[in-house]
Amino acid sequence: MLSRRSFLSHASAGAAGLYAATFVRSRLREQYAFAAQMGIAPEEAINLANNENSLGPGEFVMDALDSVIGPEGVIAGRYPFRFSGPVREAIAEKWGVKPENVLVGAGSTQILVDCTHQYASKEKALVGSLPTYEECFGYANLMGYRTKAVPLTADFTMDLDQTLHACKGSGMLFYCNPNNPVATLVDPAQSKDFLMRALDVEKNLRILVDEAYIDYVTTPGHETMIPTAIENPRIIVARTFSKAYGMAGLRVGYAIAHEDTIAELDEFHLGNSVSTPALVAANAALERDKADPDYLPNEKKRNAEGRDFIIKFFADRGLSATDAQTNFIFVDVGMPIEQFQAACAAEGVRVGRPFPPLWTRCRISIGTMDEMQRGAAKMATVLDAAQKMAA
Amino acid sequence: MKTTRRSFLSLAPAGAGSAASLHAISARGREAWEAENGFRGGPVFVPPPEDDEIRISSNENPLGPGPSAVAALREAYGSIMRYPMNAQVSGTDLRNKIGGMFGGKADNVVLSAGSGEILRTAVRTYTGPDRPLVTAECSYESPVRAARYFGAQVKALPLTGGLGLDLDKMAGAAIGAGLVFLCNPNNPTGTVHSLADVTDFVNFVKKESPYTAILLDEAYYDYASHPGFDTGAGLAMEHRDVFVARTFSKAFGMAGLRVGYGFGQAGTIAKLAPLQLTFGTSVLSIAAAMGSLEDPDYIKKEIQRNEAARKLTHDFFSGHGLDPVPSNTNFIFVNIGRPAKEFREACAERGIMVGRDFPPYEDTHARISIGTLEEMQRATAVFAEVLGLATADNQQQ
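Top line first, the protein sequences correspond to chains R and B.
As numbered in this note's numbering, residues 1 to 391 make up the first sequence, in order.
As numbered in this note's numbering, residues 1 to 397 make up the second sequence, in order.
Read the hints as simulated data drawn from the structure, not as lab findings.
A virtual CB, placed ideally from N, CA and C, is assigned to each residue, including glycine.
Please note that the accuracy of each hint is not assured.
To be verified - Here are some of the chain B residues that sit facing chain R, going by a computed Cβ distance under 10 angstroms: (1) 76; (2) 100; (3) 114; (4) 280.
Said to hold, decoys possible - In silico DSSO-like links for lysine-lysine, alpha-carbon gap of 30 angstroms or less: (5) R/300 x R/98; (6) B/97 x B/300; (7) B/207 x B/271; (8) B/97 x B/271; (9) B/155 x B/341; (10) R/122 x B/271; (11) B/155 x R/122; (12) R/124 x R/203; (13) B/271 x R/124.
What the hints assert, rightly or not - Which chain R residues face chain B? A few, computed with CB under 8 angstroms, are given here: (14) 62; (15) 73; (16) 78; (17) 109; (18) 110; (19) 272.
Modelling step: build the complete structure from the supplied sequences, incorporating the hints.
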């Protein structure tokens with residue numbers, strides 16, 4: 001098992017704990033323990049903890065899915081093979097690439113693990129920001145790989161200079177942009193340039209660009225790295241249907257990269273991991289992207305309204321959030337996060353768990369406007385009570 | 001047959017939707033479906049056309065899941081946007097249910113994207129360059145592929161004359177090994193070993209080589225009809241690093257939903273779980289699996305249905321003097337006295353898809369999955385033609 005020392009080798013002091021092997025592998029599993037502990041019934045609680053999309057995949061997708069399942073579900077008896085090729089083709093078509101540029105996985109988490117397995121090792125470190133989404137670091141810790149976690153800047157964005165430095169001699173950079181849990185985006189004017197410099201700094205480096213939240217970015221000038229990944233075999237883009245597409249429960253995501261890179265990832269990739277309903281729903285969603293080009297922009301707008309509302313709610317109380325480009329915010333709640341989280345849970349609102357070492361910051365997912373309004377009222381109660389205690 | 005995306009997802013215009021959607025629905029239940037759902041406007045998706053092809057190549061259940069499973073799946077639509085731990089029927093609910101079936105708890109169970117995932121995880125957890133995988137030649141080959149990929153040594157022991165696992169030789173090879181893969185009933189041969197024999201095997205190996213893990217793959221458990229056969233779940237509870245793998249892909253009819261599990265001591269499961277995918281099993285799959293466990297009578301009926309179609313197939317071959325291995329599964333392994341490839345291609349030309357090559361038996365044996373009784377009637381007629389056998393009518397004369 002990995003010692004704490006090895007993972008902390010390049011992290012700053014104060015970073016202790018976040019990527020420790022004792023932490024469970026993903027925030028999701030960890031969140032479950034939290035939910036069980038708090039005794040919250042999922043249907044009663046307002047769940048603003050896991051960056052899910054309360055609206056789900058939409059009627060179009062649900063109709064498609066239910067049509068294929070049918071009243072007797074006969075199709076479920078067959079292996080998903082006949083559906084997997086078409087989904088790969090549909091994704092390729094969406095991005096104007098070849099099916100060979102696409103690898104479909106059980107959520108983008110499978111892709112994240114595939115990349116970490118292939119490109120990080122005991123010798124060649126995994127590099128990422130501190131904090132960031134844990135899946136890659138969780139796997140690296142499990143396998144005893146070397147890791148380098150780079151603290152964020154004061155405005156909670158990735159520290160590009162320090163990251164560049166950490167890339168020297170490393171195997172893989174996990175570039176989560178926008179970044180989870182801090183919600184921030186790398187300056188669009190610098191992003192691509194930075195990736196190119198990182199590849200120059202270390203000739204063996206691979207970069208995994210996690211674009212899970214890209215559909216929620218409202219910063220002008222931001223663009224996907226998919227075209228760059230197609231050109232450059234050392235860059236991989238991961239996408240998911242769990243966020244804007246509202247299908248976290250179906251477990252489907254994908255990698256887009258140069259076909260040689262996809263072939264390399266496919267060697268380790270557990271095949272046949274995505275279920276027929278997931279493939280059908282993903283395909284339908286991609287079909288809708290063509291038939292209804294406003295769907296995703298509308299979803300982005302809807303999310304931005306909820307996001308603006310909750311950011312203003314906190315700002316009015318003098319509590320500042322980062323520049324959120326995701327379906328969650330990262331806000332200073334002015335009290336220990338564990339205390340805030342527990343008090344919210346008692347009110348029936350589940351908010352994000354602690355992200356050490358940022359002990360007073362809370363990650364709050366964006367639900368529907370109704371959920372945000374009801375959630376804000378409950379959070380106001382929590383904040384008021386804390387203020388009274390302090391006074 | 002290559003299915004293009006267009007063929008399964010053509011966007012039908014509004015109004016034409018209800019007609020198109022009928023493609024999606026098998027002939028059975030169509031009226032009930034229309035009564036329940038009425039005519040739907042808007043776009044409707046069409047799955048691959050059901051042609052006349054009979055697919056008896058992958059040991060699938062031709063009927064799919066039972067009504068309680070499908071109902072549960074559709075009831076879980078509301079959880080699609082939630083991660084599985086937040087779903088109304090969560091992964092932990094299913095693990096609790098399965099654990100309870102074997103007298104255990106949730107921590108005795110790890111879910112898996114089909115049983116394939118847990119097989120691979122077992123190979124990664126327990127084998128290595130100095131810790132070989134012990135298996136049979138031939139058996140389900142996915143652990144062997146995983147072992148080769150991850151750089152573990154493989155010891156594949158030949159089958160006995162009756163195409164069963166050679167438990168004595170495997171026990172000998174197991175000493176000092178990392179993992180024994182015991183597929184019981186065995187795929188692709190359909191043979192089975194009694195619980196008494198498996199118990200002796202496990203006790204011997206764990207006594208002589210306590211650090212050797214044993215995976216009892218019971219994918220076809222429900223279809224086994226041999227009187228002495230039973231699950232090794234008790235052995236898994238008794239011994240460290242002994243565990244049972246099961247799947248909902250066979251008798252439970254959910255190959256498309258990718259759900260299976262491992263069962264064993266909590267300590268064993270805790271070793272396996274970290275290498276499993278993070279939420280490899282979807283909320284609909286979890287709900288459907290849970291629903292299927294609510295109706296054991298349906299599974300009993302499915303077992304009887306399979307038995308009847310299997311008997312027809314077995315009798316067809318034995319009636320023509322061929323020698324099918326008595327099957328405890330939803331497939332038959334039979335010596336057809338010619339290369340499987342030749343037979344397979346000839347059948348495919350006639351719309352019957354049968355199993356692939358199974359070395360070292362590829363020059364003599366074919367694996368044929370059991371479809372519906374009607375499918376097997378049609379298939380056996382084709383087999384008679386392809387193999388140059390007299391038809392059943394001719395036989396009787």
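Given the hinted pair residue 97 of chain B and residue 271 of chain B, is their Cα-Cα distance within 30 angstroms?
holds, 21 angstroms
So, as I understand it, the hint says residue 272 of chain R touches chain B; can you test that by seeing if any CB pair is closer than 8 angstroms?
Where the cut-off is 8 angstroms and the nearest Cβ of chain B is about 7 angstroms from residue 272 of chain R, the hint holds.
Are residue 110 of chain R and chain B close enough, Cβ to Cβ, to be under 8 angstroms, as the hint says?
holds, 6 angstroms
Under 8 angstroms is the threshold here; is the Cβ of residue 73 of chain R close enough to any Cβ of chain B for the hint to stand?
Holds - the Cβ of residue 73 of chain R comes within 8 angstroms of chain B, reaching about 4 angstroms at its closest.
Please verify whether residue 300 of chain R and residue 98 of chain R have alpha carbons no more than 30 angstroms apart.
Holds, because 27 angstroms separates the two Cα atoms, which is no more than 30 angstroms.
For the pair supplied as a hint, residue 97 of chain B and residue 300 of chain B, is the alpha-carbon distance within the 30 angstroms limit?
holds, 19 angstroms
Hint residue 280 of chain B vs chain R: min CB-CB distance below 10 angstroms?
Constraint on residue 280 of chain B satisfied, holds at 5 angstroms.
Taken at face value, is the distance from the CA of residue 271 of chain B to the CA of residue 207 of chain B at most 30 angstroms?
holds, 21 angstroms
Status of the hint placing residue 100 of chain B at chain R (closest C-beta pair under 10 angstroms)
violated, 18 angstroms
Against the 30 angstroms threshold, does the CA-CA distance of residue 271 of chain B and residue 124 of chain R hold or violate the hint?
holds, 25 angstroms
Hint check: 10 angstroms Cβ-Cβ cutoff, residue 114 of chain B to chain R:
Cβ of residue 114 of chain B sits 7 angstroms from chain R, so the hint holds.
Going straight from one Cα to the other, do residue 124 of chain R and residue 203 of chain R come out at no more than 30 angstroms?
Holds, at about 12 angstroms.
Of the numbered hints listed earlier, the single one contradicted by the structure is hint 2.
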